[in-house]
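S.K.: Sequence:
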Amino acid sequence: MLDILVYLLDNQYEEEIVHALKGKKYIYHRADALTDVIRICKEDFIDMLIIWPTDALSLEKLFTTLRKNNLDYLPVIAVVKKGQDLVPV
Numbered sequence: 037m038l039d040i041l042v043y044l045l046d047n048q049y050e051e052e053i054v055h056a057l058k059g060k061k062y063i064y065h066r067a068d069a070l071t072d073v074i075r076i077c078k079e080d081f082i083d084m085l086i087i088w089p090t091d092a093l094s095l096e097k098l099f100t101t102l103r104k105n106n107l108d109y110l111p112v113i114a115v116v117k118k119g120q121d122l123v124p125v
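109 is the number that this note's numbering gives to position 73 of the sequence shown; each next residue is one higher, with no gaps.
Just so you know, the hints here were simulated from the structure itself, not pulled from any lab data.
These figures come from a predicted structure and were not determined experimentally.
Some hints here could point you the wrong way.
[As the list claims (entries may be wrong)] Listed next, the in silico SDA-like pairs over lysine to any residue satisfying Cα-Cα at most 25 Å (straight line):
hint, residue 1, residue 2
1, Lys104, Ala114
2, Lys117, Asn106
3, Lys118, Lys104
4, Lys97, Ile74
5, Lys117, Ala56
6, Lys118, Trp88
7, Lys58, Asp46
8, Lys61, Ile40
9, Lys58, Leu44
10, Lys104, Leu44
11, Lys78, Pro111
All chains should be built: construct the whole structure from the sequences, respecting the hints.
M.R.: As structure tokens, this is what we get:
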């Protein structure tokens, strides 16, 4: 089982995420704020973090917060809205 933390920035995608992970070998964790992301990462062994949906500013804040809390080893998947450009950070 893989522990996946989804940092959900828009609640309208909750159903889509649950459907995508349903029946798979994942344990789903959800965070709505950066403080929740850090708390969950420190309490559980998280294998992967998904930020959904994101933009460059939110992604940069996430990376900075992870780095400050010595959690920057976590693999991060950034999901962007269709047609949205994302500048590398």
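S.K.: Take the hints in turn and mark each one as holding or not.
M.R.: The hints, checked one at a time:
{"no.": "1", "hint": "Lys104 to Ala114", "in the structure": "19 Å, holds"}
{"no.": "2", "hint": "Lys117 to Asn106", "in the structure": "29 Å, violated"}
{"no.": "3", "hint": "Lys118 to Lys104", "in the structure": "30 Å, violated"}
{"no.": "4", "hint": "Lys97 to Ile74", "in the structure": "12 Å, holds"}
{"no.": "5", "hint": "Lys117 to Ala56", "in the structure": "16 Å, holds"}
{"no.": "6", "hint": "Lys118 to Trp88", "in the structure": "12 Å, holds"}
{"no.": "7", "hint": "Lys58 to Asp46", "in the structure": "19 Å, holds"}
{"no.": "8", "hint": "Lys61 to Ile40", "in the structure": "10 Å, holds"}
{"no.": "9", "hint": "Lys58 to Leu44", "in the structure": "17 Å, holds"}
{"no.": "10", "hint": "Lys104 to Leu44", "in the structure": "21 Å, holds"}
{"no.": "11", "hint": "Lys78 to Pro111", "in the structure": "15 Å, holds"}
Of the numbered hints given earlier, the model fails hints 2 and 3; all others are met.
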